[in-house]
Structure formats: C-alpha cells, structure tokens
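**Q** Given next are the chains, with one letter for each unit.
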Amino acid sequence: MTYIRKHLVLLLLSISFQTIQAQTKFTLNGTIKDNQSGESLIGATVKLIGKTPSGASSNAYGFYSLNAEFGDYDLIVSYIGYKTLHQSISMNKDIRLDLALYADNNLEEVVVTSVKKNENVVNAQMGVEKVNVKEISSVPVLFGERDILKTLQLLPGIKSAGEGNSGFYVRGGSTDQNLILLDEAPVYNASHLFGFFSTFNSDAIKDVTVYKGGMPSQYGGRLSSVLDIKMNEGNRKEYTAEGGIGLISSRLKLEGPIVKDKSSFMISARRTYADSFLAFSPDSNLNNNTLYFYDLNAKTNYQLNDKNTLFLSGYFGRDKLALHKAFGFNWGNATATLRWNHLYNNRLFSNTSLIYSNYNYVIESFLESNEFKVNSSIKDANLKQDFQYSAGTHALKFGLNAIHHTISPGKISAGSTSSVNQTTIQNRKGLELAAYISDEWAVNDKLNLIYGVRLNDFSLLGPGEFKTLDIDGNTVSSKNYTSTAIVKSYFIAEPRVSASYQVNVSASIKASYTRNSQNIHLMSNSTSTSPTDLYIMNSNNVKPEIADQLAAGYFRNFNNDTYEFSAEIYYKWMQNQIEYRSGTDLRGNQNVEADLLFGKGRAYGMELFLKKRFGKFNGWVGYTLSKTERKFDALNEGNWFFAKQDRTHDISLVGIYKAGKRWTISSTFVYNTGSAVTFPSGKYQINNQSVFYYGTKNGYRMPTYHRMDLAATLEVKPGKKFQSSWSFSVYNVYNRQNAFSIDFKDDLDDHTKTQIIRTTLFGIIPSITWNFKF
Amino acid sequence: MKPFALIYLFAFSVMMLFASCEKIISLDLKTAEPVVVIEGYVTDQDEVQTVKISKTYSFAEPNKLNGVSGAQVILTNGNTSIPFVETAPGIYQSVLFAGLPGEKYTLEVVFEGKTYTASSAMPQKVPIESLTYKKLSFFGSEKTYPVITYQDPAGTQNQYHYVVTLNNIEIKFNSVEEDRFNDGNKVENIIFYALDDLKSGDQIDIEFQTIDRNVFKYFFALSQINGNGGPPVAPSNPVSNFTNGALGVFSAYSTQKKTFIKQ
Numbered sequence: 001m002t003y004i005r006k007h008l009v010l011l012l013l014s015i016s017f018q019t020i021q022a023q024t025k026f027t028l029n030g031t032i033k034d035n036q037s038g039e040s041l042i043g044a045t046v047k048l049i050g051k052t053p054s055g056a057s058s059n060a061y062g063f064y065s066l067n068a069e070f071g072d073y074d075l076i077v078s079y080i081g082y083k084t085l086h087q088s089i090s091m092n093k094d095i096r097l098d099l100a101l102y103a104d105n106n107l108e109e110v111v112v113t114s115v116k117k118n119e120n121v122v123n124a125q126m127g128v129e130k131v132n133v134k135e136i137s138s139v140p141v142l143f144g145e146r147d148i149l150k151t152l153q154l155l156p157g158i159k160s161a162g163e164g165n166s167g168f169y170v171r172g173g174s175t176d177q178n179l180i181l182l183d184e185a186p187v188y189n190a191s192h193l194f195g196f197f198s199t200f201n202s203d204a205i206k207d208v209t210v211y212k213g214g215m216p217s218q219y220g221g222r223l224s225s226v227l228d229i230k231m232n233e234g235n236r237k238e239y240t241a242e243g244g245i246g247l248i249s250s251r252l253k254l255e256g257p258i259v260k261d262k263s264s265f266m267i268s269a270r271r272t273y274a275d276s277f278l279a280f281s282p283d284s285n286l287n288n289n290t291l292y293f294y295d296l297n298a299k300t301n302y303q304l305n306d307k308n309t310l311f312l313s314g315y316f317g318r319d320k321l322a323l324h325k326a327f328g329f330n331w332g333n334a335t336a337t338l339r340w341n342h343l344y345n346n347r348l349f350s351n352t353s354l355i356y357s358n359y360n361y362v363i364e365s366f367l368e369s370n371e372f373k374v375n376s377s378i379k380d381a382n383l384k385q386d387f388q389y390s391a392g393t394h395a396l397k398f399g400l401n402a403i404h405h406t407i408s409p410g411k412i413s414a415g416s417t418s419s420v421n422q423t424t425i426q427n428r429k430g431l432e433l434a435a436y437i438s439d440e441w442a443v444n445d446k447l448n449l450i451y452g453v454r455l456n457d458f459s460l461l462g463p464g465e466f467k468t469l470d471i472d473g474n475t476v477s478s479k480n481y482t483s484t485a486i487v488k489s490y491f492i493a494e495p496r497v498s499a500s501y502q503v504n505v506s507a508s509i510k511a512s513y514t515r516n517s518q519n520i521h522l523m524s525n526s527t528s529t530s531p532t533d534l535y536i537m538n539s540n541n542v543k544p545e546i547a548d549q550l551a552a553g554y555f556r557n558f559n560n561d562t563y564e565f566s567a568e569i570y571y572k573w574m575q576n577q578i579e580y581r582s583g584t585d586l587r588g589n590q591n592v593e594a595d596l597l598f599g600k601g602r603a604y605g606m607e608l609f610l611k612k613r614f615g616k617f618n619g620w621v622g623y624t625l626s627k628t629e630r631k632f633d634a635l636n637e638g639n640w641f642f643a644k645q646d647r648t649h650d651i652s653l654v655g656i657y658k659a660g661k662r663w664t665i666s667s668t669f670v671y672n673t674g675s676a677v678t679f680p681s682g683k684y685q686i687n688n689q690s691v692f693y694y695g696t697k698n699g700y701r702m703p704t705y706h707r708m709d710l711a712a713t714l715e716v717k718p719g720k721k722f723q724s725s726w727s728f729s730v731y732n733v734y735n736r737q738n739a740f741s742i743d744f745k746d747d748l749d750d751h752t753k754t755q756i757i758r759t760t761l762f763g764i765i766p767s768i769t770w771n772f773k774f
Numbered sequence: 001m002k003p004f005a006l007i008y009l010f011a012f013s014v015m016m017l018f019a020s021c022e023k024i025i026s027l028d029l030k031t032a033e034p035v036v037v038i039e040g041y042v043t044d045q046d047e048v049q050t051v052k053i054s055k056t057y058s059f060a061e062p063n064k065l066n067g068v069s070g071a072q073v074i075l076t077n078g079n080t081s082i083p084f085v086e087t088a089p090g091i092y093q094s095v096l097f098a099g100l101p102g103e104k105y106t107l108e109v110v111f112e113g114k115t116y117t118a119s120s121a122m123p124q125k126v127p128i129e130s131l132t133y134k135k136l137s138f139f140g141s142e143k144t145y146p147v148i149t150y151q152d153p154a155g156t157q158n159q160y161h162y163v164v165t166l167n168n169i170e171i172k173f174n175s176v177e178e179d180r181f182n183d184g185n186k187v188e189n190i191i192f193y194a195l196d197d198l199k200s201g202d203q204i205d206i207e208f209q210t211i212d213r214n215v216f217k218y219f220f221a222l223s224q225i226n227g228n229g230g231p232p233v234a235p236s237n238p239v240s241n242f243t244n245g246a247l248g249v250f251s252a253y254s255t256q257k258k259t260f261i262k263q
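From first to last, the protein sequence lines stand for chains A and B. FYI, in the numbering used here the residues of the first sequence are 1 to 774. FYI, in the numbering used here the residues of the second sequence are 1 to 263.
The shape of chain A in the complex, shown without the other chains (with noise of 0.2 Å):
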C-alpha cells in the first residue's frame, strides 16, 4: 500500500512538470521589501508589459518570480499602502532583481488590504480573507486590547465562539477545526484566561490570512479553515521600538538590524497585571492571588546570499493563576520554526522548515492531605519541505510534510501524605505524512484555476495498550503494541480544484470543491472551551473527521475598485463527527473513546460582504444567512439538530473615518441569532429539588445578541521621530445585557418557584491605551 501511494505522489507530479510547456523565455525574479525597514512584502504584484505580459505576486517570503520572451517591458510593481515603482527593463537574459517600495504616507486610506487592488475578482482562490494588522489597530476592541482573531469575527462566514471569546466558528465548523499557524508552528489553545484573549500579540504579526473554503494543497490537518498568521522579520535598516500601555496589559517591541540589510531580529513582549493592583489591596483574600499572562515573540534571519535565507522564530506565552496556599495553574503554549529559504534556480524557489510545537497545562494543589500535580502536554515535531515553480501561465506548488504528535493526557504525581494515588493515562503518538501539489493556471485571460490534491496518511503509533470498543462503548477486544507497531492507519485523498472566470474587468465569477480531513480532535463536552480540554487521535475506534465542500461566488468592484463587493454560497458535508454521551467526564479519563458518539453534520450557507476600501470613510458590511446541523443515532432519536454552532442571521458592520491628520474614528455593530441551546420542556422532582426535562436537542435559541462598539484614537504629534497615540474605546455603548449563560434553578428563598436566571458577562466598557514608536 505504502509503496503504492509512493508511486502515486511521483507519478502526479510528472504529469504535471509534463503539463508545462518549456519555452525560450527568460526569467526574472527576486524579493520585494520595503525600503525603511527592509521587511519583505507578501502578496506584492509585479507585471510585465510589453510583448508577452506576465505577471505574479510576491510569496509568503517576499519572493517573486515571472517569465516573458525576449524584448523590452516596463516593470511595474505595486502593493497597497505603497508608492507605485514604474521601470524599463529589457528581457534579454534570465534577471535577478530585488526591489524595495516606498511606503505612501499621503494615501488617506486607513484600511488597507495586503492585495492588489482587483485581485479579489482576478485570483481563482476563494473564501479566503487578508487582515491587515493596521487595519485591526483602528477597530474598537475589549479592554482595548487587539485582537486578530476578534477583528476576523467580523467578517462574513466567521463567527465568534461567545461574549468576548477569541474562539471562532468558520462555515458550520467548531473552534477545534481551524488550523492555527503562527510561523507555520500549530498552535493548540490559541487564547488567554479562558478565551477572552487570544495569544496573538498583534505588535508582532506582519500577516494574517483565513482561508474559510477553497484551502490551498499545502495546508492541511483541520476541517474548517486555515489560519495562516506571519510574525514580522524585523527592521533590516534601523532599530526601532513600539509599544503601548493599557488598561489590563503593557507591550513592547523591539527590532533592529544584526548585520545591515542583511541579518535583523525582532522580540515583542506583553505581559497583564491585573494582579499586580490585586497586590496593593490590602485585603488579603485578594493579594495572595496570581493572575496573569504573557507573551514573547521573536524572531531572527540571516540572508547568507541571494540564494539562501535562514529563519529562526518562537513565541513562548503562558496564563498563570494562582490560590495562595491552595492551587496553582498554569498553561501556554511554545512554538519553535526554523526555515531554510533556497532559490535552486531562476524558477524554483524551496522553503524547507522544521517547527516545534508544544502545548501544555500544570494543575497543582498545595491543600492539606490532597497535594498533587497534573502534566498534560501535547508536543509536535513538525518536517515541511515546499517547493515553487514557475513556469509560465503555471505556477506549481508541491512538497512533503511530516508530523510526529506526542500527546500525554495526564500524568498526577502525588506524595505519600497525599490522599491521591499516582496516576499516568498512557502517552499516544501518531505521524501524520502528506504530500501535495497544486498547479495554479492562468488558462487564458478569462479562465484561472487552481487545482492540485494532497494525500494524507496518518498512523497510530505503540507502544500502549489499545482498545477496539463496541457501538456502546464496551471493551470488544484489547492488544498491547511496543513502541514499533502501528496500531491503525488511514489513507485520505483531498481533492482541491478552485476556478474563477472573469466576466470583465471589474467582474467575475469562482466555484471549488475542497476535501479536508482531521486526525487530530478536541474533547470538550462542556458549554465553554477550557485549557484543561484533551487533544486525541484518530484509534481503532475513532475515524478521521471528512468535510467536502463546494463553493461558488460572484465577486465585483465598483467605482475603480474603491468598493469591493462578494458573494459566496456554500454548502459543506461532514462526516466522523464527534459528541459526548450524557454524563461524560473526560476529566483525568482513563477511556475517553469509550463515552464518544459518532455521527455527520452538514452546514450551507451564503455570505455576503461590501468594502469600501479607500478614502476618508472606509469599512465593510458582512451578511451571513447559514445553517449548521448534525446528525448522530444515538442523540435526539437519530434526527438532525441544530450544532451549537448554528446561527441563521450574522450582520457585522465596521466604519472608520478619518477626520484630519490626528484622529480616526471607528465603530463597529454586531448582530447574530442565538446559539442554538437545549433548555427545559417540562420538570420532575428527585430528591425533592426540581430536575429538568429535556425534550429536542438545541431546540431553543438564545436570546438574539447585538452589541456596539466605539472607539477613537488621537495620533499625538503626527510626523516626529518619536510618535505616540492615544486609543480610547467603549466596548458594548449601548449597554445591551447580552447573556452569557440562562441557567434553571429553583428558588432558594421559595421552593415552590423555579427561575430562570441570565448571566451578563460584560456591560459597558470603557478603556484607555497609550501606545508609543520610535
């Protein structure tokens, strides 16, 4: 079998290295970064005009490459929020040109897009969304704290997981089925103090992309979407420092070259101290307490020769809380990459990486007779090899990745005066391996398509004792493996293939099909996510989780591209996916397997958005009507439900305004249906306190949330090397008590009486931010 898939991989990509026609073209390419700080630009767009126009856009590494025939061309190369460069080149030879833009401080535009401008209508990829970190810096936020993954729930088809919550629900999809990469490291719990932030210091990221549907073959691993985020590389050029003081946290980052133009580094630091004024109470139930957490991001490279790039970044970040004398615990998250950039020639540009990933959470308690620790880690080894070629109108992409996955559920060390016994639920380990490729092909001016297939294998590895269970959950049969043995293994094939034809300049229309598979799952059977929530594997009796989808959009601009207009529709299949029977407790669970529930899911929708992109006045306006259901024998008689997931309204509108040269105003206004909730249909006494019926699962909506925020930020004295801003915001301005929870109890006063009690978890919140540069 192995041998066979072997073949497989090298028979594709000869068929498609055959597709391309090999012609007597010459080659230029290159980098592009920006003049000040040297920083590569991704998604720049280089075209040559003249006898055989081409044109392409700058990778995730600021590289471009294009081919045209002999002649004389005019170069133009152009990215957003920077001085267009105009110039002559004659193709006469194969070309190595690096190429540095002008930031455009006159543009009055304060939202940009890291794309050119029509690429939107042009490219074949759909469901995709850039995030530009300036542009989160001017939307009103919690605590006024950025956030990049609360500004992305505001665009269409993404969907914030609860009040206040960095976790996101993408087309139907649960917060565990997005693929996470900082750096292309996976990160496994991506928010701080139980979700309300997220681990992205946003002083530190260059790039953020989604891809909500129509996911490139070199991504893979989760259902949902792809969260791709870039830390930035450093300033080549200059030291510089950044950084801001607020209301729950105080940041700062520092870069600067190693060696000029040729070496740089970047860290970046933030760090909370709502305990640090919990030390100045002078009560002292509240200052013996710890809660905080912080964030390092750092990142270095080294430009050996024109040819050769090393990479080397890491975020190391942690939530820690603390009960004086009782508990301590801690968890976070440490990611490690290290990328080879290698130009092999002219047209094939590789990127090898090796990334470290390792999630974990330490649980102690210091009580009297019930002293104990918990470890739980899940640790990734990570190989990725990816290759570049183009060719023409092909642009390949292809190459190999491997994953070693360790996850330790739970190890509880206790001493001998402690009533808890020694504990270890058995380490698991899996290799994931995939192997891609993608040809992206201008078919001809009207016709693109993006097509390609990655093949997934992933194996369970020994040693261990496994398990095969029944449909009930009871133990059919148990083996023990050593270290050596696979336990199980699966095969997925994914298809990928996005197409966009263009009506006419400013028009066009996409259509995919994507196939995406998960090895990898979340145990969560509570209403909230918690750092305590396990990662397992594909075993004997889990099967990796399938999602086909199939996309198609019309996507327009308007008055020369100003306004950006999208519509998409969806419809999404699932299979192998996961509940909980009643009464699970996964906490410290030696036989997790055994209390799941199998079933499918199906989500469909339709999204649409408008951006006005330039101006005075920008911002955007998302629609989603969406359905989201599920389908398992064993809950709800075998009758679809709504997932809790499900929202059918979604609106979200974002307006920023720039009046003069010092203040930006902006506002945002959110509206969704409830989540779909399972609440009482009736009740009955058991030990003379009031039990609840529960009739149809997720039958019932939460009240329907909207809330808006506010927010202005006064640049101080605009111009000077050393420049400073205020950011003043009011989250939630209305004052709209959004529940959080609705909870059932009886009347402790009136035992006669139950009620039915909302929990409002924030109000109106005003906050205020400093944030400095120099």
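Derived from the structure by calculation, the hints contain no laboratory data. Just so you know, even glycine gets a beta-carbon here, dropped at the ideal spot from N, CA and C. It is possible that part of the hints are untrue.
As the list claims (entries may be wrong) - Over 12 Å on every C-beta distance to chain A, these chain B residues come out as not near it, computed from the model:
id : residue
1  : P34
2  : E47
3  : V48
4  : N77
5  : N79
6  : S200
7  : I206
8  : P235
9  : K258
Stated by the list, open to error - Dumping the calculated EDC-like pairs for lysine to aspartate or glutamate here, alpha-carbon to alpha-carbon at most 16 Å:
id : chain 1 : residue 1 : chain 2 : residue 2
10 : A       : K325      : B       : E142
11 : B       : K257      : B       : E170
12 : B       : K186      : A       : E371
Fit chain B to the given chain A structure using the hints.
**A** Chain B alone, transformed into the frame defined by chain A:
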C-alpha cells in the same frame, strides 16, 4: 474529582470579576408530552422504604411531586419479593425492612400497561471518620466548605453520595464522589457547597451513602448540568437505570450520618 472542581471554582470566580450582572428573566418554554419518573430507594436501615412515581409537568407550574396513582410496585431480591403499597398519590411504601449490603435488588413498576425495571446492588458501608469544615477564599469572598474524612476501601470501585443539611435545612445539591484518583486511601474531601460563615451552634449534618456505579453516573450527570465541580455541559436527560424510557433512578445504598456542631 476534587482538584478539577477547585480549578473551576477559581476560574468562575475570575469570570465573576468581569461579570456585570445576573437577572431573573422569563422565557416561553415548551411543555413536552408527560414522561414517567420513578425514584426508588432501598437502604440498609430498618425502615419503611419508599418509591415515588410521578410524571413530568410544565416548567411554569409550581414545584411539586406530580405523583401518579395505580402503579404496581414490587421489589425482588433473589427469591424474596416485597410489594409496595400506595400511601399517598405517587408515594409507594414497603413494610419495615433493612436491605443487605452485597445484595442485588430489582424494582419492577407496572403503570398504564408498561413495565419499568431497574436493578441496583447495595455496596458495603464505608465508615465516616470525621466531619469538619474548611475556609477558602476566591478573590475576596471567603466561604466555608464542609470536609468529610473516610478510609476508601482498596481494590474496589467505590462511589459516594452526600446529602448535606445546615441547621436541618437540606442543601439543594447533588454531590457525588468516586475513588478514581484516591482508591484505597484516607480521603479528606471538601464538599464544594459554599456556606456562609458558621456561627457558634450552627449544625452541619451529613448523610453519607455508598452507591453503585450506575447511580453514581446518574447523579454525576445531574450535577454536571448544574455545573457543580466543572464547567456546565450541554444539558441532556441523565441515563436512568430503568428500562422502557422512564426517567429517574433506583438506588440500593448503605448509609450513615454524622453531625458537626460549631463550638
């Protein structure tokens, strides 16, 4: 598991730092077709054993035992069978007898032409060693929690159910515990029901039941929905040990009581 419960208490107190308010609201809830509910107990005490049979009713109605009459209730243990007699609507009682630990009891209820059966094996008694209290504070609010100490029997799976009263008022709280993490040890368990500061003369009573696995799972599922000892889970009806779709539980348990009086 206690340790996890602690964390969630702490986590929720963190959330409450942000939380602005709780409000009693009204909602228009549906009323499902009434379903039969059976709650039956057999204890190791020499007493009248009771089975309650009722039907579910509308959420809007005042709380009550919506008892049903005319059911036939029989308890069997090996070759012995004991009939239960209706003494009030929905209340069915036996003659005085004590159940025996280690014995398996089967309750059969025939009502409106349907037969519902459930079995439960009465576990051995586990003695309470002491009952006291502990104070813990979570961000400024210090609360008192009852603490019970017992020696868990080694090598067997044990489950416990606490019924706690403060000054003879039952605390509305389904607290169950298992020995998954402390099998065979001397256990000092904090019962996570926050009491206000105890005054001199205040009395805590605890009824300490040893229950079988299915009964534990039933009460655990109930407590999970209320978020006791963990984040609230998406609610569903707890799995009953009765057949034929009846709600409720049948538990054969051994029990004992302990009292603590604050000096």
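**Q** Take the hints in turn and mark each one as holding or not.
**A** Hint-by-hint comparison with the structure:
Listed as outside the interface, B:P34 is inconsistent with that label: its C-beta sits roughly 7 Å from the nearest C-beta of chain A, within the 12 Å cut-off. Distance to chain A confirms B:E47 as a non-interface residue, since its nearest Cβ pair spans about 17 Å, more than 12 Å. The beta carbon of B:V48 sits about 17 Å from the closest Cβ of chain A, which is more than 12 Å, so the claim that it is off the interface holds. No beta-carbon of chain A is positioned within 12 Å of the beta-carbon of B:N77; the least distance is around 23 Å.
Under the 12 Å C-beta cut-off, the non-interface status given to B:N79 relative to chain A holds; the minimum distance is some 30 Å. Here B:S200 stays apart from chain A, with its beta-carbon at least about 23 Å from theirs, past the 12 Å limit. Every CB of chain A is more than 12 Å from the CB of B:I206 (nearest about 15 Å), matching its label as outside the interface. Listed as outside the interface, B:P235 is inconsistent with that label: its C-beta sits roughly 5 Å from the nearest C-beta of chain A, within the 12 Å cut-off.
Distance check on B:K258: its Cβ is at least 18 Å (rounded) from any Cβ of chain A, clearing the 12 Å threshold; non-interface status holds. A threshold of 16 Å between alpha carbons decides the hint, and for A:K325 with B:E142 the separation of about 14 Å falls inside it, so the pair holds. Restraint check: the Cα-Cα separation between B:K257 and B:E170 comes to about 14 Å, which is no more than 16 Å; the hinted pair holds. Distance hint between B:K186 and A:E371 is fulfilled; the C-alpha atoms sit about 13 Å from each other, no more than 16 Å.
Going through the hint list in order, the structure does not satisfy hints 1, 8.
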